[in-house]
Amino acid sequence: MIELDRFSKRYGDRAAVEELSFTVAPGDILGLVGPNGAGKTTTLRAIAGVLRPGGGTIRVGGFDVVKEPRQAKRELALVPDTPNPYELLTVREHLEFARLAYGAAKDGRDPDELLAKFELDDKRDELCGSLSRGMRQKLAICCALVHRPKALLLDEPLTGLDPYGTRVMREAILSAAAEGAAIIVSSHQLELVERLCTRVLIVQRGRKVVEGTLEEIRVVAALAPDATLEEVFFRFVEEPR
Amino acid sequence: MSAPLLALWWLGQRAWLRNQVRRPRRLVAVVLLLGLLVLRVVAMPRRPPGFGSDAQSPLLLLGAMLFLLSVASGFLQQGPRFAPADVDFLFPAPLSPRGLLLFRLLHLWPAALLSSAFLVLMFGDSVGTPWRVFVGLGALQLTALHLQLLISILLTRADESVAKRLRRGARVVLLLVLFAGVFALIHTISVHGGVGAVVAEVARSPAARVLVFPAAACADFVAADSGARTLVALLRLALGVAGTLALLMVPEIDFREESIDTTARVARLLAQRRRGETVIDLDGRRVASRTGRATRLFSGAGAILWKNSIVLSRSLRTVVPGVLFGLLFVLPALFASRQDVLGVVPAMMAVVMTTLFGSNSFNFDLRREVERIDALRALPLPAAAIVLAELVTPWVLCVGLQELLVATVVLSIDVDREWFGALALALPIVTAVLVVIDNLAVFLLAPRPGSADARGGIGVNSPAQMLRVVVWFAALLPAGGALLVARVLDARRWVGLTAAAAVEVLVAVALFVALVRCFERREFAAGE
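Chains as they are written, first to last, in numbering that gives the first Met the number 0: chain F, 0 to 240; chain Y, 0 to 527.
In short, the hints are calculated from the structure, not lab data.
The beta carbon of each residue, even a glycine, is placed where N, CA and C say it ideally should be.
Among the hints, a few may not be true.
Said to hold, decoys possible - Covered stretches of chain Y (chain F as the covering partner; in silico rule of three or more C-beta atoms under 8 Å from a C-beta of chain F):
(1) 72 to 85
(2) 91 to 103
As the list claims (entries may be wrong) - Calculated cross-link-like contacts (lysine-lysine; reagent style DSBU-like; alpha-carbon spacing at most 35 Å):
(3) F/K207 - F/K66
(4) F/K149 - F/K105
(5) F/K105 - Y/K163
(6) F/K116 - F/K149
(7) F/K122 - F/K105
(8) Y/K163 - F/K122
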């Protein structure tokens, strides 16, 4: 479970996020969409405990990320938009590092199984510095899944993936949700969000514009029942000046 | 070369200059640097004609080293390196490889001449008449540059595997030269009392004069005591520059395909260097994963230690030369130490100074994590444990090296062992202070959110390197103060040393707490 209650964050004079509240239940996949600079990455980084909230509270698995950071972080995993793996660790060592650092050497997922699932098994002894962007993305999600997180945060997870990788990634997200993880996917790929997510949250200039299932927000937007998320998005989001 | 390329070069130079001047921090650095250079020029003594004949050997040695290093680095590139923008925009354009090469040379020639000017300002007046040294070294550097490019272009005709083997060979040779340099230095200092006599002997050999012909011509030009000798040496220098340029332009080899890879590889390495990381060239390396049972001993923050030890073991070919290069400056002072107090002090200072290059060479800590701070912060571990685990590797390695030096000196030379014993005890604290300061710089010098700059720590060539030295000395002042107070109170020596150590431990702890706070709270610019 991920709960945000009136979360705010400022960078100097600029408000990145203002009074944002939402909840992601176990098994739910929330699509976080919005134009550039809407505060999506800031929100994800704050949930992951990387940024301190300027106001409001964030709870992961019932733990406050500010007051009980270790317990909250143990429950979650963040896949950044640009993964930067350690160049001189091999793919397999990278997974081992994630497993050890999260204290999941015994009860975590089998790294070799994960590598096989994401078609990285033939790269297991390759140094991460020589991986392509798509492979780095796959490695990042493998590292995220290795300790069986109850909350999964994905920032632009499909960037750089080939069609096969996209399908594998989509299946991995669905299977993590089926196992009961609360998932947030931040993406500009509206088609992906439409196909993958159970709920959608549109943000603009750090504020919530609309939230709900696609059907619910179509109604709010007064659009036809077969309107795409793209049409809904452009109904709510102003054109950048 | 075509007019558009010439115009592009000129626009690039102008933009670079404006960029330097418009940024306040850079402007201050440039003004300070220019001030120092002007001071140096003003202070440079006027030399009589013919001065420099005594200094021919050191100049020949300097020239030979510059020449060999520059030419050998040609083997490290299969196809000359360009700017990434050149690859994107000029390579697809209807331009000849020769035109592109000249365009590249337009960027490299001024840099070579500028570095010659710097060398003159640093050593010029001690080895000969400054203008002669500049002409000699400038011609030498241009010749070496042409040969370097020629080698890299000819390598494009070689098979990829052959080029890789040559690259590895060149690296091994460079490493061996450094090793040999360190041992030769120690040997000549201890046996001959200096390097001059030995170098002069080697420099006079015909083989050396042929192998490093521009260095020999440079030394002859600087030391020439008659018009005729000056003219002959100058002609030899000019022939070197023009001849190698002609050689470079003769083969019409299309190097572009190989240059794309070289440019991308070098751009990545330069980016690492700018971030202050140890530069690592993966170069298609394959290794075996180390995920045996022993890894289970490392959990939680220990995983960071495990990870850093693996990264260190795979970085030895960049770490070892860096350490050897640093030792070149330290060992002479160390082994020249004498029994009396005045003789011991420089040796002790030399050991303390190893902290400066040691901390840089063994930077397997937060300095290499600039791009991964978020991932570290997201770990379910206390911030202090993460930071401590990161600091362990550089601290252990640096202190280990220093204690080894102290032990070697104490065992091989008859010196005051009490002083060196106290130093051995103080080194862990002194080193810890600098390692923490270096890590603090990652956070304090990084651009704040909203800044257009990328993240970054202290680059190896950064003016911040000077700043770290100043901050380190300032952080050691309280210990000096404690020693002084103990002396004023007429306390025993061990009381003063203990007080100084206690004070410095407190300083180290305070700095560590500040580092942990920065790790937890300092925000970098990133994302939306």
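- For which of the previously enumerated hints does the structure constitute a violation, in increasing order of number? 1, 2, 5
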